[in-house]
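Working from the sequences, and respecting the hints, build out all of it.
Number of protein chains: 2
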Amino acid sequence: MKELEDRILSEGIVREGDVLKVDSFLNHRCDTQLYDHMGAEWARLFAGEPVDKILTIEASGIGIACVAARHFGNVPVVFARKTESINLDGSQYRTQIHSYTHGRDYHVIVAKRFLTPGEHVLIIDDFLANGCALNGLLQICEDAGVSVTGIGIAVEKGFQPGGKSLRERGYHLESLAIVDSMDPATGKITFREQ
Amino acid sequence: MKELEDRILSEGIVREGDVLKVDSFLNHRCDTQLYDHMGAEWARLFAGEPVDKILTIEASGIGIACVAARHFGNVPVVFARKTESINLDGSQYRTQIHSYTHGRDYHVIVAKRFLTPGEHVLIIDDFLANGCALNGLLQICEDAGVSVTGIGIAVEKGFQPGGKSLRERGYHLESLAIVDSMDPATGKITFREQ
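In order, the protein sequences belong to chains A and B. Sequential numbering from 656 applies to the first sequence in my numbering. Sequential numbering from 656 applies to the second sequence in my numbering.
Any given hint could turn out to be false.
For chains that are exact copies, the list does not tell them apart, and a pair is met inside one copy or across any two.
Claimed, not checked - Derived pair list, reagent style DSS-like, types lysine-lysine, alpha-carbon separation capped at 25 Å: (1) 657 to 737; (2) 676 to 737; (3) 843 to 737; (4) 676 to 767; (5) 676 to 843; (6) 657 to 676; (7) 657 to 819; (8) 767 to 657.
Please keep in mind that the hints were generated in silico from the structure rather than gathered at the bench.
The following block contains the structure:
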């Protein structure tokens with residue numbers, strides 16, 4: 656998606672350690688007009704495929720998913736919650752996710768009553784790198800017995816293994832921008848042709 | 656706002672300790688159509704007042720704020736981030752907020768470059784009870800030298816002191832539903848006439 660790539664080129668900051676900062680429009684300051692265009696693009700890319708619900712994960716995925724929902728007929732959005740405490744009454748799906756960014760594991764939960772077996776779920780998130788967060792969401796989808804229509808990602812780091820692995824497993828993955836390389840010394844960012 | 660009050664009456668769950676669970680449509684499963692109607696209602700209530708930016712706080716405020724932004728000309732949304740680590744390089748506004756729900760304090764930060772002195776900010780959040788989170792956001796606004804146009808809240812607990820205090824301090828506060836009383840024994844919820 657050219658508009659997103661252009662914003663990454665003009666405002667993205669490359670840091671050591673494979674860090675790409677895009678907080679001026681994607682995940683701290685939210686450009687809601689860009690979000691709207693991203694939602695329209697995912698609707699085009701997933702046209703004709705069933706979407707009953709969008710699943711995302713707090714915090715950065717929520718705004719993107721909620722704005723995108725309008726382009727899928729205002730379907731509900733469910734966001735997985737990060738939590739320190741796990742409710743043991745069996746009312747929640749839960750999974751453990753490793754954060755490379757923060758160097759630790761955390762738990763996410765989704766209340767069981769908000770995922771209905773058989774329904775068609777589109778997963779949306781802001782970033783895909785190693786795929787840890789997405790694998791957690793996919794585990795929850797499997798536990799819930801929902802059907803994953805596809806995965807919509809804003810920015811994929813194509814030089815990290817998450818995207819390749821998900822495509823090999825047969826998921827319909829649509830990343831609006833795939834960064835194939837980035838250089839903290841020069842700031843140069845190269846995108847995959849799509 | 657009758658649509659929101661009706662949803663609270665039909666799906667809200669009152670628990671001991673002044674807890675009102677509305678996670679089936681407001682802050683875990685997100686009814687994006689309701690969010691859109693809430694945004695339209697805030698646009699009506701703040702009509703003619705300047706709004707350059709919306710400020711909210713992770714996580715539950717983000718989706719509501721990003722959908723509402725469409726009704727204010729797709730202004731950007733900035734969300735305050737909860738954080739364990741404070742960047743000491745002076746690039747962030749920061750404040751400490753007490754959570755009665757979780758019985759502890761936490762820090763929130765906003766990058767300084769995302770608030771511009773003199774701009775007009777509308778604050779949006781899902782809940783107002785004691786006002787701790789809002790007071791933290793207001794402190795950040797004061798530190799940043801921005802002008803607070805008003806505060807849009809989905810559900811105010813009118814029997815707790817946050818809303819009264821903010822109105823007495825002169826803020827233009829618009830809560831779409833104000834719960835004046837709720838009874839965990841009977842489940843009965845009473846709204847303030849608006």
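Evaluation of the provided hints:
Taking the shortest alpha-carbon separations for residue 657 and residue 737, neither the intra-copy value of 32 Å nor the inter-copy value of 32 Å comes in at or below 25 Å. Taking the shortest Cα distances, residue 676 and residue 737 sit within 25 Å of each other both inside one copy (22 Å) and across copies (18 Å). Taking identical chains as interchangeable, the C-alpha atoms of residue 843 and residue 737 are never at most 25 Å apart, the minima being 34 Å within one chain and 31 Å between chains. Taking the shortest Cα distances, residue 676 and residue 767 sit within 25 Å of each other only across copies (15 Å), while inside one copy they are farther apart (34 Å).
In this assembly of identical chains, residue 676 and residue 843 lie within 25 Å of each other by CA distance solely inside one copy; the values are 13 Å within and 48 Å between copies. For a Cα distance limit of 25 Å, the shortest separation of residue 657 from residue 676 inside one copy, 18 Å, qualifies, whereas the shortest one across copies, 42 Å, does not. Taking the closest pair of Cα atoms, residue 657 and residue 819 come within 25 Å of each other only inside a single copy of the chain (22 Å); across copies the shortest separation is 48 Å, beyond that limit. Proximity of residue 767 to residue 657 under the C-alpha cut-off of 25 Å is found in neither arrangement, the shortest distances being 38 Å within a copy and 28 Å between copies.
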